[in-house]
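Enquirer: As a plain string of letters, each chain reads:
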Amino acid sequence: MAEASQLTLELEGVTKSFGSVAALTNGTLRVAAGSIHALVGENGAGKSTLVKVVAGVHRRDGGTFRFHGKDVDFHSTAESKSAGIAVIYQEPTLFPDLSVAENIFMGRQPLGRGRRIDRGRMYAESEALFQRLGVRLDPRRPARGLSIADQQVIEIAKAISLDASLLIMDEPTAALSGVEVDRLFAIARSLRDEGRALVFISHRFDEVFALCDTVTVMRDGAHVSTQTIAGTTVDDIVAQMVGREVAELFPKTPAPVGDVVLEVGGLSSAGVFHDVSFQVRAGEIVGLAGLVGAGRSEIARAVFGVDGYDAGSVRVLGREIPSRNPRAAIRAGMAFVPEDRRQQGLVTDGSVARNVAGVIRRGLTRAGILTSGAENRAAGPWAARLEVKTNALDMHASTMSGGNQQKVVIAKWLATEPKLLIIDEPTRGIDVGTKAEVHRLLSDLAGQGLAIVMISSELPEVLGMADRVLVVCEGRITAEIDRAEATPEAVMRAATRTQTHSGEQGDSEKTEVPA
Amino acid sequence: MSDTLLIEPSAKPPLQRALGNLLRSREIAVAGVLVLLIAFTTVQSTGFVFSADGWRNLLVTPSLLLILAVGQAVVIITRNVDLSVGSTLGLTAYLTGKVFIAVPDLPIVLIFVIGIAFGGALGLINGVLVAYGRVPAMVITLGTLYIYRGVFLSWAGSDRVNASDFPRGFNQLGTASILTIPVITLIALAVMLLVGYYLSTARGGRELYAIGSDPDAATLYGLPVTRRILVAFVLSGALAGLAGVVYAARYGTVSSGAGLSIELQAVGAAVIGGVAIAGGVGTVWGAAIGAVLLITINRALPIVGISDFWQRAVVGALIIAAIVLDRFYAARQERQLVAARDQARNETDPSVNAKAGSPA
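Listed in order, the protein sequences are those of chains C and G. Here the first sequence stands for residues 65 to 579, numbered as in the working numbering. Here the second sequence stands for residues 49 to 408, numbered as in the working numbering.
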């Protein structure tokens, strides 16, 4: 077992469920000391959950977890940290009110006489760290106002100062420019050469191939394969990531395509998305595909008017919709089912009737007073049409299943008789059986002439439902693919498309990707 | 365009930088308002400062609130609030009298220990409920405010403790001075210095700021969030207990109305002194100066001839102004910090290759 002792991290058959949702069914990852190990997989493949188990944020339900050959079981992030595990999360976790140096050394500041914090030494050590990283950052300034890249640098400095033997980076390059990425890679290699183990989660395959020694692919919460980078190709990895059949889901039935309902032109929001243009016609389902964080939801929110935008226009049936005005969007015939229906779309403590009638309350009130009778009358036909399985309309929405909740949210919006439905992750957290029902519903609605924009992280769903797929990558639409040409590989390639890190990419958007 | 992230460390010498920070600080601004207020009132009535009584009152009246504001500031910095301190103060003050009635020749030092321990125990109840129950502190301490006050009412009833119940030495403590500075004021200043020193120089103190700045990040960071919040509430309770003993020494009589609604003044003092209600920002020095300003305004306005209604309105306006100013400055600071970042980028952009150069 001499080989085992060189492994810094060993996870074998780790399982983790949240309620009835199994996030990890077979989490397996072996990381050797002195190596950089890539962890790749689609959205929701379980990568982040696996990382959080290692970091002590979540406790695993089963499986083995060894660190430096010893069985461990972390109850908190403090325990994993003191064992020598540093994690850089997707979103930096800094204290905005405290200085950069304090952010690095919080909880283990260098102490002087009488166990008082030695600020001079803390600043000097921070500057030494930054020098090693090749950056210049004022250790005295507050972390507030720093760019994501700067914050990432602080996280890395933190990890280095911890002297961690295992460093996990969850998509550290997503917000970095080319030079910054190069510098990060140089740091990562020097840490590897010191004998540390690194885990690198990324959707950019060029980076994975440039940096890593080994790659583990995950899919649906389970380990698919582990191989050396030298012995594999991008195509292999993509095939392993997506290997799922589309047939098991409900496909959209073709519907006659009518006039242009939604026309988005040159929509930009600094740092979020750039020059987004597309059209949606009546009877058409347009899928917005892409990785989590690519900017899909942000685009949808801007179109609906929840968030503002810097440039561009949104037209519904030829009429321009003012920015930052959801009420105007609703009046113009838009409906929006957000990603997190519990938080944004559904009054979970309210009755079904109240939820359904919520949007049209205006038309229901008599002398300003809303009666539950009027609510029930208005809600009844909609709930019936969507086959919401709820015994009574005054049942509380919070006690319903995910699928029925989603139907209530859709019913709520259909009551406004919209021309356009924007739906973000329509089947997230919904069991397989009900998924098909939601899909059939969307297909029927399109058949009745509704224009639908569907955002989904699940490739089979996009491929099965969408007439056209728009792929968003890093805030830009990188491909527009017709149903006939849409394959998992084509979409995944466009979604992980390698950007030229130069910062001047104004010419490269909206390129057709060959199927 | 954004290929580097070089943000120059400030090139100014440390002393100059420290001075600059000090002059821009909220504490100095509030202290300036306080000095102006005292100067203006003294011009109207010289006795406000330049008389034995005036000088003593100037120093002694804010002392109780100062002690409470220091405790309150610590709790607010962790993004919590302690509304129960007024009831804790009253209950401890009454307990002080009852202890002396039972044990007349108890050493005075011991009564302070008892008061602080009792207040700390009441604070521990708050802390356990907030830290482990994960219920907002506002709700918990509003509840304990009524509960502690209720215990006090049913214990004391219409009874009161009088000066004659206290030993002579204890009563004298309320009036004694060292070098014209009242002992009570010295106690308050000592509390402020100790707590302020801890907050700015101890790991535990800095962690309180981190927790208030972003509780989720603090958990991910592995900071002992629960324990620190517990400690903050125990400290706040203990200081309220200390204030209770000081109250008994100063006033001599304790009825069931002691300390009624002083908790809101403590919150107000902290806010005026620059402690952000959203946590993570502020110092106990600021809260202490805020407490002195709050009390002194209430004393100065009648002298200047402003009616009772307007006195309260002025205090209210001061609190609102402090919060509005905070928002304004926070927004401006954020813009400046972003600007500093972008400027550093633009300046260094042409010389990207020289990025490995040594930091100043």
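These are calculated hints, taken from the structure and not from any lab test. Don't be surprised by glycine CBs; every beta carbon is placed ideally from N, CA and C. A portion of the hints provided could be inaccurate.
Now the stretches of chain G that chain C is said to cover, found in silico as 3 or more residues with beta-carbon under 8 Å [to be verified]:
no.	stretch
1	247-259
2	276-290
Part of the chain C face toward chain G, derived, beta carbon under 8 Å [said to hold, decoys possible]:
no.	residue
3	Phe82
4	Asp161
5	Met170
6	Pro174
7	Pro206
8	Gly209
9	Ser387
10	Arg391
11	Arg395
Computed list of chain G residues with no C-beta within reach of chain C, every gap over 10 Å [unchecked claim]:
no.	residue
12	Leu107
13	Trp358
14	Tyr377
Enquirer: Each hint: holds or not?
Expert: Each hint, compared with the structure:
1. 247-259: Per the Cβ count (7), the hint holds.
2. 276-290: Result for this restraint: violated, n = 0.
3. Phe82: violated (18 Å)
4. Asp161: holds (4 Å)
5. Met170: holds (5 Å)
6. Pro174: Hint violated; proline 174 (chain C) Cβ to chain G Cβ min 10 Å, cut 8 Å.
7. Pro206: holds (7 Å)
8. Gly209: holds (3 Å)
9. Ser387: Violated, because the Cβ-Cβ distance from serine 387 (chain C) to chain G comes to roughly 22 Å (cut-off 8 Å).
10. Arg391: violated (27 Å)
11. Arg395: violated (33 Å)
12. Leu107: holds (29 Å)
13. Trp358: holds (35 Å)
14. Tyr377: holds (12 Å)
The earlier numbered hints that this structure contradicts are 2, 3, 6, 9, 10 and 11.
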